[in-house]
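Student: Each chain is listed here by its residues.
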Amino acid sequence: MSSNDHSKPVAKEESFGYDSKTIAYIRNAAAHGLYEIRGMGAKRQLPNFDDLVFLGASLSRYPLEGYREKCSTKTVLGTRFAKKPIELEIPITIAGMSFGSLSANVKEALGRAATEVGTSTTTGDGGMTQEERQSSKTLVYQCLPSRYGFNPDDVRRADAIEMVIGQGAKPGGGGMLLGQKVSPRVAKMRTLPAGIDQRSACRHPDWTGPDDLAIKIQELRELTDWEKPIYVKVGATRTFNDVKLAVHSGADVVVVDGMQGGTAATQTCFIEHVGIPTLAAVRQAVDALEDLDMMGKVQLIVSGGIRSGPDVAKALAMGADAVSIGQGVLIALGCNHDSYYQNSAHHDASAGYAALGTVPGYCHHCHTGKCPVGITTQDAVLEQRLTPEVGARHLKNYLKTLNMELTTIARACGKQNVHHLEREDLVALTLEAAAMARVPLAGTNWIPGVSGF
Amino acid sequence: MCGIVGLLVKKPALRSRLGELMVPMLIGMTERGPDSAGLAVFTEPLAENMRKISLYSGMCEEGADFNWLGLGHELKEHLGIDATITAQGNHAILTAAIAPEPVKRWIKERHPKLHILSTGRAIDLYKDIGTPAEVAARYAFSGLAGSHLVGHTRMATESAVTPDRAHPFTAGEDFCLVHNGSLSNPYGVRRMLEPHGIRFETDNDTEAACRFLEWRLREGDDLETALQKGFEALDGFYTFLMGTADKLALIRDPFACKPAVVAETDDYVAIASEFRSLAHLPDIKHARVFEPAPEEMYVWNA
Amino acid sequence: MERMSFDLAQTPLRELNSFLHRDAPAKGVQKVVVTNPDGAHNIAVGLDCPVEVDVHGHAGYYAGGMNKTGTVTIFGSAGTGVAENMMSGRVHVKGFASNGAGASMHGGLLVIDGDAGLRCGISLKGGDIVVGGSVGSFSAFMAQAGRMVICGDAGDALGDSLYEAVLYVRGSIKSLGADAQIEPMSEADYAAVKSLLDAAGMQHDPKDFKRVASARSLYHWNADADQEY
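Protein chains in written order, with this note's numbering: chain A, 250 to 702; chain B, 504 to 805; chain C, 3 to 231.
Isolated chain A (complex conformation) (with noise of 0.2 Å):
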């Protein structure tokens, strides 16, 4: 071969540590100095929900048939101290996303969607709008360290008050919104100029610990005159510890959000490292529960990647009483898609997605206030994007869905009610998942770190 021979067979080796993210990252930290900021939630691999199965009937255990035996999904929430629980047709509720974070439109159709349903929406770190409110029919009012828009005429309005400690995407920081996303609107509700990146505090202002959270807690009882239940929400970390406090803080539900849980914008080194996985989270939030003897008198909700019929299924089997859902909804709605409907026909998404350098399909944008599909974004055009009716029917179709399957796959099981579910009916696949939520590996009897093998 000569020196002027350019067919030199090209040999790749690939570094594990330093793949090719990693070595976007770096050069993008030396471009500019700052942090990347984003949506959603965790894209790492992390053991989830897909890594248990159900043991359904067969000789041992009876199932039910599909339609002519019922199979109940009433969910009631609330009943430790409040005069008015939260009653539900369905175990699955729509977790808090801010107005500001979504638009209008959305907010509205995620009411509308609940209603017809027969489950809860959750105000999130904006405070309550009016479309909200009317067209929700049970409203969870959450109360968050910023206190945007936060007024005691909302409580009141409330079906519940959900005092928020932290988030599954960012446990230990606060709220965040770019300027591009404080519209006029957005900014008269949480008192910001317009157009300006808002900071948000990460502690509460008025109170810190779980023996001042108590007293917290009491105000807003005084306030409601004890009639609406007041839910307590952790991002997972020392969940177990957490769930305890909140316990012994007067709560009467606790919400845990485990670190597949979605943001519409905070810094990707919170999303990805810091917080533990729901299926982690779950298993301590019940021993936490059961250690204390509450199950069933506190409720226990989780978030964090619930996305599936199945998911919801297995939560319950574990020991929640309801799952709340982010990001699913907002897929249903049209997030990532590549196209919205808007005036009766169907629309191209793509130039959009492009403008912000993605795709369908892998769009993390939601902090850009840019949603080609109108959903996160407070732009008067992009909004209109995004119309109530249709976002509402899709997103009760995907509601439903998800509870025929938990229904079939409970009935498969042998239960006439969807609460019946225990974790005895699950197994793992994985080590990771066995050991987390102190279930066997499938085939043998072996708990990691419980029992002998």
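Keep in mind the hints are simulated off the structure, nothing from the lab.
By construction, the Cβ of each residue, glycine as well, lies at the ideal position given by its N, Cα and C atoms.
Check before you lean on any hint, since a few could be wrong.
Using C-beta positions, here's what the derived DEER-type ranges look like [unchecked claim]:
1. A:P312 x B:F703: 50 to 56 Å
2. C:W223 x A:K292: 21 to 27 Å
3. B:E612 x A:K546: 40 to 46 Å
4. B:E799 x A:A604: 52 to 58 Å
5. B:R613 x A:P697: 34 to 40 Å
6. A:N666 x B:P698: 54 to 60 Å
Below, computed lysine-lysine pairings styled on DSSO-like, alpha-carbon distance capped at 30 Å [stated by the list, open to error]:
7. C:K212 x A:K437
8. B:K788 x C:K96
9. A:K270 x A:K332
Based on the hints, put chains B and C in the right spot on chain A.
Tutor: For chains B and C alone, kept in the frame of chain A given last:
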């Protein structure tokens, strides 16, 4: 997760009423700490060659039926010690003319589940699971006498059958500490102390703070210097209330998120997490009531 | 009926608050007197009618919390979060206030005759706070809108992360927080201070006050984009 109380009487005539004045304070902190309660009282010090050791049998099988009399006999037989043991159910105070460390070692070997609560010439320490009212009744707190005391009510995270994790924590002799808050670097502090031969009994963050401060005092720092070093070494949120044989000391971290209020008259200084606990003290309407500032040391002499 | 009295040593707090929420507006009660508060928490939270509530003694946490149109006067000290999230109306603490006084208020007037603890006016979203004494560290942290008048001194990090709220300080400031700066007082500022002091019943010369406001340099997260690597 907790309530703290402290009381120091300025007039010797009030020493016999110390417990009686404190019990409503402790009960006032029940909502902050419903699971367990503890208290350390500082009495007239024993003679220099004497020591008293507070003991807790709640984690032994015999529990409140522990054979305290038998323990006294064993001490006589094995170590030649004439000890006076005053017992109330699962708690006892052992008084003798001893060097305490060998006796404590012997107790740990012989009765590993017998928990040593405190050692010193002035300190008596009680802690147990139950509501503050239950614990106060169990040990007849209203009858306690002394110059000052430090008390605590706890909202437990882990299972309540570990009364050893209740506060006050002690280290060395005549030193104890109660804590409201949460330290964020307790394990680093422990790992720094362990090479100095300091042994930990629990994984409680308060124990890390307690042993750190006691270590500084033992190394010759005066209380103020030890507390100053504490500000640097200990991270997180805290209100600490400490008792030594002749002092009561209070500090709050720079963020001062955990509450504390002080009421002072000519007769007493009282400290609590909330004013509620102070509301029934005599002459409270004319007391000087104030909130201690963050990062400042408040020291009262008994 | 015009005037009612509640002795919290005899009557549960629940009855007082329930009365204030339901009976006071329905019966046109003008004044409610509360005795023996003894540090109870949540006294007169969520008022929703122009009733006057006089608390004789020390209040615990969140006294007058989320007040709307009511007038609460505490003849004593107040615990954490007095008048937190107040929407309108007036809360007056004759003694000192603990941490987080006026946290996240949207409107109304909070007057504290004595000192206020740390984080006074934290997350302020509107309304006015007038403190006769000094305020602790981190006061006006992330204060978004509204005004504070501090007749005494301020601790560390005053106005850290300030948005559009404006602070007037008569005494010394131990340190300013991130993005907070001292600005010259205008005639409008002097007039504002005068009217707030009058409303609070305090006598000081407005000319003695300094204005603290946001430098607004944190308003846009510095995206140094387009910088070629």
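Student: Now tell me, hint by hint, if it's right for this structure.
Tutor: Hints and how they fare:
1. A:P312 x B:F703: 50 to 56 Å: 54 Å, holds
2. C:W223 x A:K292: 21 to 27 Å: 23 Å, holds
3. B:E612 x A:K546: 40 to 46 Å: 44 Å, holds
4. B:E799 x A:A604: 52 to 58 Å: Because 57 Å falls inside the window, the suggested range holds.
5. B:R613 x A:P697: 34 to 40 Å: 38 Å, holds
6. A:N666 x B:P698: 54 to 60 Å: About 57 Å separates the Cβ atoms of N666 (chain A) and P698 (chain B), which means 54 to 60 Å holds.
7. C:K212 x A:K437: 28 Å, holds
8. B:K788 x C:K96: Judged against 30 Å, a Cα distance of about 14 Å means the pair holds.
9. A:K270 x A:K332: Violated - the C-alpha atoms of K332 (chain A) and K270 (chain A) are around 53 Å apart, more than 30 Å.
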